[in-house]
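Enquirer: Sequence:
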Amino acid sequence: MRLQDRTAVIIGAGQSPGETLGNGRATAIRFAREGARVLCVDRDLASAQETARQAGQGATAFEADVLHEAQVQAAIAEALRLWGRLDILHYNVGLSLAGGDAPPTEITVEAFDRVTAVNLRGFVLAVKHALPVMRRQQAGVILSISSAAAVESYPYVTYKATKAAMIAFTEQVANQNAEYGIRCNTILPGLMDTPMAVDTRVRHTGRTRSEVAAERDAKVPLRRRMGTAWDVANAALFLASDEAGFITGVALPVDGGRLVQIG
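To convert, note that position 190 of the sequence shown is 190 in the working numbering; the numbers rise steadily by one, no gaps.
These are calculated hints, taken from the structure and not from any lab test.
Computed from a predicted structure; not experimentally measured.
Just so it is clear, CB atoms sit at the ideal spot from N, CA and C, and this is done for glycine as well.
Don't take every hint at face value.
Said to hold, decoys possible - Derived Cβ-Cβ restraints for the label pairs, each shown as a range:
no., residue 1, residue 2, range
1, Ala-218, Gly-56, 34 to 40 Å
2, Leu-222, Asn-175, 28 to 34 Å
3, Gln-176, Ala-46, 20 to 26 Å
4, Gln-172, Asp-65, 23 to 29 Å
Generate coordinates for the entire structure from the input sequences, incorporating the hints supplied.
Expert: Right under this line is the structure:
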């Protein structure tokens with residue numbers, strides 16, 4: 001029960017369609033089973049409700065779209081209304097191919113703006129509204145999902161740029177809020193077997209899921225197999241818990257050794 005009596009807001013707790021579990025849903029389930037009261041936030045209310053159902057332990061769904069600041073602010077306010085505290089903010093929203101991301105020579109203004117708004121601006125706005133609460137408490141944990149794409153070769157310009165910016169923003173928030181007892185860290189998933197990573201590529205390429213999965217598996221040094229959402233959820237649990245109480249400003253790879261191989 002490492003998160004006993006903690007209040008967590010997970011933005012992006014639903015998931016896109018696919019055969020496997022997404023990072024946000026797995027993290028919500030993991031947090032709830034460790035004793036946290038979890039607000040499962042997603043623009044798809046039905047998906048958030050399914051996450052809350054699977055998480056149990058009093059988890060609650062809330063509808064909000066990170067493209068709208070007022071809705072992000074409302075999610076933070078809802079956690080305070082329900083439980084009076086905000087101990088953990090976890091930003092799990094991300095967009096790449098589904099938002100029209102492309103190589104630098106092919107990117108459109110519309111796609112660039114949309115992916116940036118979801119990946120980076122939404123994170124900044126969530127932190128904007130969480131920080132005053134956590135500063136008053138003199139405690140809090142801010143987590144996010146960046147990506148190994150931030151530091152490795154990646155073909156699509158906006159996803160890479162925004163995920164790299166998330167690392168810089170994480171460092172800034174950690175540095176400027178350490179005096180308040182607030183920790184801020186980000187996770188860099190590598191090649192994961194999640195609906196966003198695999199099933200989205202299946203839909204966009206017309207290849208079979210087994211073909212996409214096999215190609216990705218072959219690139220992972222550790223056991224030649226992608227990670228799962230549970231790997232990301234376990235990393236988030238550690239960073240949210242008191243076991244990581246002296247860790248802040250860190251970008252933690254969860255990638256089966258891929259970044260080490262590249263380095």
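Enquirer: Does each hint fit the structure? Answer for all of them.
Expert: Hint by hint, here is what the structure shows:
no.: 1; hint: Ala-218 to Gly-56: 34 to 40 Å; result: holds (37 Å)
no.: 2; hint: Leu-222 to Asn-175: 28 to 34 Å; result: holds (32 Å)
no.: 3; hint: Gln-176 to Ala-46: 20 to 26 Å; result: violated (37 Å)
no.: 4; hint: Gln-172 to Asp-65: 23 to 29 Å; result: holds (25 Å)
Checked against the numbered hints listed earlier, the structure breaks hint 3 alone; every other hint is satisfied.
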